[in-house]
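The listed protein sequences derive, respectively, from chains A and B. No gaps in the numbering here: position 170 of the first sequence is 170 in this note's numbering, and each next residue is one more. No gaps in the numbering here: position 54 of the second sequence is 54 in this note's numbering, and each next residue is one more.
These are calculated hints, taken from the structure and not from any lab test. Accuracy of the hints is not assured; some may be wrong.
Stated by the list, open to error - Pulled a few chain A residues facing chain B out of the computed Cβ check, cut under 10 angstroms:
| # | residue |
| --- | --- |
| 1 | 43 |
| 2 | 45 |
| 3 | 69 |
| 4 | 135 |
Since the model is a prediction, treat every value here as computed from it, not as a measurement. Quick reminder that beta carbons are idealized off the backbone N, C-alpha and C, glycines included.
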Amino acid sequence: MSAPPAVQDDRADGHMKVLTNVLSGAGRLDGAGAPLDPQPWEWAGPHVLIEHADEARADALAAALRRAGYSVACCPGPAAGGRCPLADDGCAAAAGADLVVSGLGFETTAARDALGALRTRLPRLPVVLEAGAGDAERWPELVDGCTVVAPPAAPEQVVAQVRATLRAQESDAA
Amino acid sequence: MRHRLAWSEAGAFGFLLLTVVAFAAVAVAGLAGGSADALWVGALLSSVVIVVAITRHRPGRALRTAPAHLGEAGEHQILVLAQETPSEESLNEVGSRADRVVVVSAASPPFLRRWTSDIDDARARAGSRVDETVRRLRAANVDATGAIGDDDPVRAVEDALREFGGDEIVVATGGSSQDAGVAARVRARFALPVTHVTR
Numbered sequence: 001m002s003a004p005p006a007v008q009d010d011r012a013d014g015h016m017k018v019l020t021n022v023l024s025g026a027g028r029l030d031g032a033g034a035p036l037d038p039q040p041w042e043w044a045g046p047h048v049l050i051e052h053a054d055e056a057r058a059d060a061l062a063a064a065l066r067r068a069g070y071s072v073a074c075c076p077g078p079a080a081g082g083r084c085p086l087a088d089d090g091c092a093a094a095a096g097a098d099l100v101v102s103g104l105g106f107e108t109t110a111a112r113d114a115l116g117a118l119r120t121r122l123p124r125l126p127v128v129l130e131a132g133a134g135d136a137e138r139w140p141e142l143v144d145g146c147t148v149v150a151p152p153a154a155p156e157q158v159v160a161q162v163r164a165t166l167r168a169q170e171s172d173a174a
Numbered sequence: 001m002r003h004r005l006a007w008s009e010a011g012a013f014g015f016l017l018l019t020v021v022a023f024a025a026v027a028v029a030g031l032a033g034g035s036a037d038a039l040w041v042g043a044l045l046s047s048v049v050i051v052v053a054i055t056r057h058r059p060g061r062a063l064r065t066a067p068a069h070l071g072e073a074g075e076h077q078i079l080v081l082a083q084e085t086p087s088e089e090s091l092n093e094v095g096s097r098a099d100r101v102v103v104v105s106a107a108s109p110p111f112l113r114r115w116t117s118d119i120d121d122a123r124a125r126a127g128s129r130v131d132e133t134v135r136r137l138r139a140a141n142v143d144a145t146g147a148i149g150d151d152d153p154v155r156a157v158e159d160a161l162r163e164f165g166g167d168e169i170v171v172a173t174g175g176s177s178q179d180a181g182v183a184a185r186v187r188a189r190f191a192l193p194v195t196h197v198t199r
């Protein structure tokens, strides 16, 4: 009797790609690859990586987070027709972040792969995730463990969740 | 900084393929028509490889970053990159929205002068732009300060943000296509609202 496949839906390809990348050392986070340009965490303060394809939305979140005392880096995620910063820069940027606000959505395989890669490579990094109720049911392995906010959440609401998530993490660490 | 042509593994592989094809064509031309023909084919294909590699280059959308807000809560600080002295109208508009304005100007000497470290004139002009802009802002009762920045405009903004902070960037230029490039670079680099004003 043959063993059942590990993953039975269309996410298998994406997960296998992530696994292959991790095993082969591609997108490594130890600085052995090309240096990030710009360096995302040159600024002082707690660092929040904002992953959002919508630049205006990313800017609104960035402004609110900056006002709350966080340094920010905005990553557009896998852009159509362009290179995917998340495949190399993004994940390397996340490695230096204190928290990630992810709003890439779940519609495309590329966006799900990006979130999957992030969760796989940095499982302890807190993520505040913009996700609807349906997303949590359909993609539990991507959503579980994240602080979920329903889109479109007001930037101030996202900031409150960021603050609460970081505070909870500090309490856990203590 | 990453090499312009090696922006991704796929890009590098494509460049390699083009080069291999070009060399193969040169070899065939050499065998079929002699060394002079091979020289011409080589020159032509080398040009094609370079042109294709450059036009295929897509810089992608890189990370944009910004520091945490500095200063009092609710205070709005505008950083002006004065590659030209902004117009009176622009300065009034900036002053009306800002609690504090920081003016920085990059010397940006021409390539040859930078290469020979002959940058005194460029720095003097940058200093004049900063002085004039700060003087006009202060005359309008705006809290303003300024400094000559790095030769590279983006680096000048980066240094000023680190030292003084800023919630918004205004890039003031003369309006040439090169100036538009400066504004585009600033916009692509920082996760802050960027406005480009020209004289």
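Structure-based check of each hint:
Interface restraint check for residue 43 (chain A): the shortest CB-CB distance to chain B comes to about 4 angstroms, inside 10 angstroms, so the restraint holds. With a cut of 10 angstroms, the hint placing residue 45 (chain A) at the interface with chain B holds, because the nearest CB-to-CB distance is about 4 angstroms. With 10 angstroms as the threshold, the beta carbon of residue 69 (chain A) comes within range of chain B, its nearest partner Cβ sitting at about 5 angstroms, so the hint holds. With its C-beta approaching chain B no nearer than about 24 angstroms, residue 135 (chain A) sits outside the 10 angstroms limit, and its interface hint is violated.
Of the numbered hints stated above, the single one contradicted by the structure is hint 4.
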